[in-house]
Every structure is written in C-alpha cells, then in structure tokens.
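Those protein sequence lines, which keep their order, are chains A and B.
Using this note's numbering, read the first sequence as starting at 1 and increasing by one per residue.
Using this note's numbering, read the second sequence as starting at 1 and increasing by one per residue.
Hints were generated in silico from the structure; no laboratory data involved.
It cannot be assumed that every hint is accurate.
To be verified - Simulated pairs of lysine to any residue, SDA-like, Cα-Cα distance not exceeding 20 Å: (1) A:K245 to A:G227; (2) B:K144 to A:D221; (3) A:K76 to B:K144.
Unchecked claim - Chain B regions said to be covered by chain A (calculated; three or more residues, Cβ under 8 Å): (4) 95–104; (5) 147–158; (6) 218–226.
Claimed, not checked - Anything over 12 Å on all C-beta distances counts as not near chain B; from chain A, calculated: (7) E41; (8) S62; (9) E214; (10) F220; (11) H232.
Heads up, the beta-carbon is just placed ideally off N, CA and C, and yes, glycines get one too.
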Amino acid sequence: MPAIGNGHIQIEYDDRRADVIIDRPEKRNALNEAAVADLTEAIKQVDDDEDVRAIALLGNGSVFCAGFQLDMMHEKDVDEHDEFQRSFRTLLNTIDQSTTPVVAGIKGAAIAGGFELTLPADLRVLGEESKYGIIEVNLGIFPHQGSTQRLPQIVGIGKAKEMVLTGEYVDPEEADRCNLVTEVVPESDVDDRTRELADDLTEKAPLGIQNALEAFQATFDVPLEDGLATEHRLAMQVYGSRDRKEGFEARLEGRKPEFEGR
Amino acid sequence: MTDDVVYEFDDKVSTIRLERPERYNAMTLEMWRALKEGIHRADDDGARAIVLTGEGDLFCSGDDIQSLANVENERDARVLADTLTDCFDAIEQSPVPVVGWANGSAYGGGFELLMAADITIVPEGSSFALPETKIGAFPLYAAKRLSLLVGRQRASELALAGREISAERAVEWGLFARAVPEAELEGTVAETVAALRQSSPEALATTKAWLGVPLRSDAERVGIRTGLGHLYAGENAREGAKAFLEDREPDFVD
C-alpha cells in the first residue's frame, strides 16, 4: 500500500478504482495537519491519474473518521486554528472540484470535521449503526467547514439547521430518507459496498462523468439560464468524443461499450 | 520551482520579478505557479506590499506559446485554465496589496497581470495589447474583468480586435493607476509602497477585499474552464499556437 507524505493516508489501486484510506486507526482516524496535507495530496494524485475513474474514500479500522484531534483543537491558538482550518477547507474544495467521482464509505463514526469531510463527496454509503453528525455546538463552536453552506444544498436548510443547532447525530435511516446519503448498509458491508459503487462508476463514460461533475460546480452558483448554457457547452465537448460514438453504437448493437476516455 | 521567477523579501516588502528577459518574460506554466507561490509567500512573510516587476525591455510578452501548443486534450486545457486562474486569484485575493511596476510594454497574459495588480505604474512610451484571439486562444482574465474595468466597447476593441494602446490611453481608460516618465518609474513605485505602509495591514486587506467584490461573477472558474475546454476541443486553438511557433499566418477553419 503506497503511503503519501507523512504516512497517514494510504492509496490502493484496483483496476480503474483508487481507494484513498485514512490510516490512523489508533486515533480512530482523527485528523491533524499532517493527515489533512496527506489527504489533499492523495486526492489530487488520484484525480490527476487518467487511469483512475473513481475514488473510494475510506477509513482503516472500525471508524471512518472521528473528526479533528481533540487535544490539537484544544491547544491551538486562534492564528494556528486559522491556518489549520484553511488547509482543511482546501482539502474539501479539492474533493469538491475533483472530476473523478468520490464515493465516501462511513462506518463506525464520521463526526464533526469527519462528517464535513463527507459533504463534498459525490456519493455516501453509511453504516446503519454509525454515529454521523456535527456536534460542534457542544464543544463551544459551530461546524464551519460546509455545514452551513454545502449541507443545506444537500438536505435543505431546515434539516441543516436542525443538525447544526441540536448538535445531535442523525439516525442513519433518516439520513437515507432526507437524501443525505446514497445508501445505508450493515456496518460490516460499508467498505465493500463503497468499493462496489465506485467500481460501477468506473464502467461509465469517463468524459460524461467528468463533464457532469464540472456542470454540477455551477448548479447553485448561477441563474438557471447561465447554468443551462454551461451544461450545454460541456455536453458539446463530450459529443465530439470517440466514446459517444462507441456508447451509442454499443447500445444499438446490444453489447457492452468499451470506453477509452476520449 | 523555476529560476525564471525570483522572490525577494526586504524591509517588509516582497518583490517578485519575472526573469526570463531572453524570451521577453514569456510565461510558462511553472512561472505562473511560481508567481502564485510568491504571492502566498509574501503573506506568510508578513509583507506590507508586493511589488511585481520584470527584467529586461518588456514586462511580459504573455504566455509562452509552447505551453498552449502542448494542450492536447480537455484535461490539459483544464490544467492550463486552473494554473492561470489560480495565479490571478492569488493576486486579487491576497490580503497584501500588489503594486505593478511595468518595466516596459506588456502583451496578453502579461498585460493581464498588470491589470490584476492593485496599483500599476507604467512608463510613458510603453504599449499594451491582447492578441490572444489571433492565435485561437482567449484572454481568460481580461474576458471576465475587462468590461467592468473599461466598458464593453473598449473591452471589445482590446480583446476582440486586438487593438494596441499606449500607456497614456491605458491610464485614461482606467486600466492602470499612472503613466510616468521612465526616469520617475522607480521613485513613483517607492512612493506608492511608502503610502501603503502608512495604513494598518488589516485595514488594507479588508478594503482591498471589498474593492474586488464588484468585479467577480458567479461560477467563474467553471465558466473559464468550460470556455477554454471548448476552444481546445476544436482545431483552431492548436493551429493558432502552431502557426505562431512556425512564424506563419494561422489557417483557421470556420
């Protein structure tokens, strides 16, 4: 398992899927500066890799990510927090802007920063007994890495306020019902199901997936007509591809398409 | 990084100098990244001002056309768009004010760098143009900012018709702060830096942030990427760069 930088993150390659694995099980995969730097580097590396068509974001051990290291959070002064939080924001933006789809697999727990880490992912698989939520108001602060901006886009502002203000974990069935996650599965199935979903994505037309993800970058930012125009331009790029011809030909011939990403 | 961009920090002022005079400071992707890194570093160093300048006769002749010719697919186009956008964003969003000291004329991306700086001083007798569309490319910073800076018709003259304008006209149009005789250039830059030092860094940073807000539009980054991707999905962008490198007229298809 090749490790990145400080050794907190592992990358495993399996055919066209890359698993980016938080590897600090002794800390319940809690994040510190080095882990955040490693994770950012890992995501960039696999997103840039043309042979990787989907990314599974996982945690080694029984817990996906317990959040930020508590002692670190307690000890840092305001300037140090400013710097650390900026780097975490860069990590989340990197995941958000990745044109390789990211499937996050949450088992055991994804709490506070660990919860917010999953928001920019494209799909989320949640364990049916996992602790999933943003507890920051119990710690003297509020969740400020997307909970008030990305979360409302996913579940609506009402549900987002409920989660942020009460600081309570969301029941996994409720998370499924309110579209916060893609699927809820038994805890022991989370990693496999996440990899499976990512593998399904690797079978799709890479340019279609990439340009769809690009188009989604504009969804909440621009008026409808501008978004539709961007969507159209991105689509016309894909229509010029070899894969488009292959995709429709395969369908007409009743066979499976072979996509090459061009 | 690269030797073509030099960073100096002295007396709380960061100077970033383009040093590729043998190629008129034409910008490679590495140079764009180094420039961006320099802007970030100035903030880390606690600089009160950043001075952006160049070595040689010209401030900067624009993108190194080989970088454009090297774009083979959409992924490359995205990398190019992001590299340039990251650099311009760094200048616009740095809490440290950026003073452009034009040591000479500037074209294309070089002209855009001077536009992006907060206060740019240019020498009388220098000239400026945006020739990008002539080689099938587009001035991605000017395209999104110029209409607001100079009005749409003047922006079109620059960006669509490739009109070359004098230092004086550029100042008149609001693109730069001042055009001064060459002999007064260094002194005027020094005066500007001294004036900036009289303000508190936070006051400058907050004011600068608000000065920039009206310029920006929603979802710019994806729009610029899409625009560049669209150009490089066709043949003309590659033909334009190739023709330039081969010193001939491009043969654009309709």
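Task: Three-residue Cβ test at 8 Å for the coverage of the segment 218–226 of chain B by chain A - done: Coverage by chain A holds here, the residue count being 7 at a Cβ distance below 8 Å.
Open item on the list: Please check whether the beta-carbon of E41 of chain A is more than 12 Å away from every beta-carbon in chain B.
Closed with: For E41 of chain A, whose nearest Cβ neighbour in chain B is about 16 Å away, the distance exceeds 12 Å, so it holds.
Open item on the list: If you count the residues of the segment 147–158 of chain B with a beta-carbon closer than 8 Å to a beta-carbon of chain A, do you get 3 or more?
Closed with: Check failed, 0 qualifying residues.
Task: Given pair status - D221 of chain A, K144 of chain B, alpha carbons within 20 Å - done: Roughly 16 Å separates the two Cα atoms, so the pair holds.
- [ ] Would you assess whether S62 of chain A, listed as outside the interface, keeps its beta-carbon beyond 12 Å of every beta-carbon in chain B?
- [x] 37 Å, holds
- [ ] Verify that the Cβ of F220 of chain A lies farther than 12 Å from every Cβ atom of chain B, and report whether the claim holds or is violated.
- [x] Its Cβ does come within 12 Å of chain B, the nearest being 9 Å, so this is violated.
Task: Given pair status - G227 of chain A, K245 of chain A, alpha carbons within 20 Å - done: 26 Å, violated
Open item on the list: Checking one constraint from the list: CA of K76 of chain A to CA of K144 of chain B, max 20 Å. Satisfied?
Closed with: Not satisfied, since the Cα-Cα distance of roughly 40 Å exceeds 20 Å.
Open item on the list: Can you tell me if the segment 95–104 of chain B counts as covered by chain A, using C-beta to C-beta distances under 8 Å and a minimum of three residues?
Closed with: It is violated, with 0 qualifying residues against the three required.
Open item on the list: Over 12 Å from every CB of chain B: does E214 of chain A meet that, or does the non-interface label fail?
Closed with: 6 Å, violated
Open item on the list: If I take the minimum Cβ distance from H232 of chain A to any residue of chain B, is it greater than 12 Å?
Closed with: At about 10 Å from chain B, H232 of chain A fails to clear the 12 Å cut-off, so the statement is violated.
Hints 1, 3, 4, 5, 9, 10, 11 from the list above are not met by this structure, while the remaining hints are.
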